[in-house]
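Using the hints, position chain Z against chain C.
Chains C and Z are the protein sequences, given in the same order.
The numbers in this note's numbering rise by one with no breaks, and the one at position 67 of the first sequence is 67.
Going from the second sequence to this note's numbering is simple: count from 1 and add 1000.
There could be a bad hint or two in this list.
Said to hold, decoys possible - Here are the simulated lysine to any residue pairs, SDA-like style, with alpha carbons at most 20 Å apart: (1) Z:Lys1038 with C:Tyr10; (2) Z:Lys1064 with Z:His1115; (3) Z:Lys1036 with C:Thr5; (4) Z:Lys1027 with Z:Ser1057; (5) Z:Lys1036 with C:Gln41.
I should point out that these hints are in silico values taken from the structure, not numbers from a laboratory.
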Amino acid sequence: KAGVTQTPRYLIKTRGQQVTLSCSPISGHRSVSWYQQTPGQGLQFLFEYFSETQRNKGNFPGRFSGRQFSNSRSEMNVSTLELGDSALYLCASSATVMADNEQFFGPGTRLTVL
Amino acid sequence: SQELEQSPQSLIVQEGKNLTINCTSSKTLYGLYWYKQKYGEGLIFLMMLQKGGEEKSHEKITAKLDEKKQQSSLHITASQPSHAGIYLCGAERGGSGGTSYGKLTFGQGTILTVHP
Chain C
1 KAGVTQTPRY
11 LIKTRGQQVT
21 LSCSPISGHR
31 SVSWYQQTPG
41 QGLQFLFEYF
51 SETQRNKGNF
61 PGRFSGRQFS
71 NSRSEMNVST
81 LELGDSALYL
91 CASSATVMAD
101 NEQFFGPGTR
111 LTVL
Chain Z
1001 SQELEQSPQS
1011 LIVQEGKNLT
1021 INCTSSKTLY
1031 GLYWYKQKYG
1041 EGLIFLMMLQ
1051 KGGEEKSHEK
1061 ITAKLDEKKQ
1071 QSSLHITASQ
1081 PSHAGIYLCG
1091 AERGGSGGTS
1101 YGKLTFGQGT
1111 ILTVHP
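If we strip away everything but chain Z, and leave its shape as in the complex, we get:
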């Protein structure tokens, strides 16, 4: 089974609607990344959440980390066509002394379509 499960796998919303994408880990989360990808292109860094129930916002996107549930959610308020793309969560496994393994494990992605 996937180490990181994203839901839903795809989402179609009308412009102006709010939406939430979830990312659930089967292992303890030390760092949780959210990226956005346009098809066939590189990943655009959105935000990183660290252990401790962190919450961050950037423009209309808010991400939260619930370490007890080992889950993160990405919420978009008043969606716009520019928000369309593939949203990926990536998890980092902690190494010794605060270092990372340099490896991110990714969820399968959520395809977001926003109709004008």
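In isolation and in its complexed conformation, chain C is listed as follows:
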């Protein structure tokens, strides 16, 4: 079974631009969560989607948004990029939203904002 895949793996953008990152969960998984990892703040939760609906959102500005498609694939978008948005963006998938389901992470997308 293929794991969680994320594209692209690396991305370089300039301030003010926008970016879209993609995540394909493990086949059969319906929940996708997004995290931002930076050296200063560590791993922080962005949002979670289940069955195309956002269930939960972390404490990030409205420039960060996401969506989930009917095939459970998810995208996140960051508009008006700032230098501080440079980070490793990780997505995780789990089969359901039950508390005993493991979350499996993808390899991440490394975003650099110049």
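Leaving out everything else, chain Z in the frame of chain C:
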């Protein structure tokens, strides 16, 4: 203050030595995850411990959950260079009806170096 505190922040051991990493929560734990991360890469799922003082082992790694102390420990026996990396604990907050919030709160990580 951090909701999840890991200790130590970094650890350097000689190959073959045993080691323990601790993760302490300031809130009630419903589910505790351990992940390993190579720098700049994704997280590798190690194990998940649920409420109830659970203990799990996989190869040379054992994790325990002490719900009274709101603490989990990860113990590696006879460490090898392949164990090197960043170990992260993540906690889940329970929702209603046994569902999760889908959100994991993570500790700051423990950097493990194993010298051959």
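Holds or violated: Z:Lys1038 and C:Tyr10, Cα atoms, limit 20 Å.
Holds, at about 16 Å.
Pair hint outcome, Z:Lys1027 versus Z:Ser1057 [Cα-Cα no greater than 20 Å]
Judged against 20 Å, a Cα distance of about 25 Å means the pair is violated.
Does Z:His1115 lie within 20 Å of Z:Lys1064 when you go C-alpha to C-alpha?
26 Å, violated
What's the verdict on Z:Lys1036 and C:Gln41, does the C-alpha distance respect the 20 Å limit or exceed it?
Holds, because 18 Å separates the two Cα atoms, which is no more than 20 Å.
Z:Lys1036 paired with C:Thr5 [C-alpha distance capped at 20 Å]:
18 Å, holds
When the structure is compared with the earlier hints, violations turn up for hints 2, 4 and for no others.
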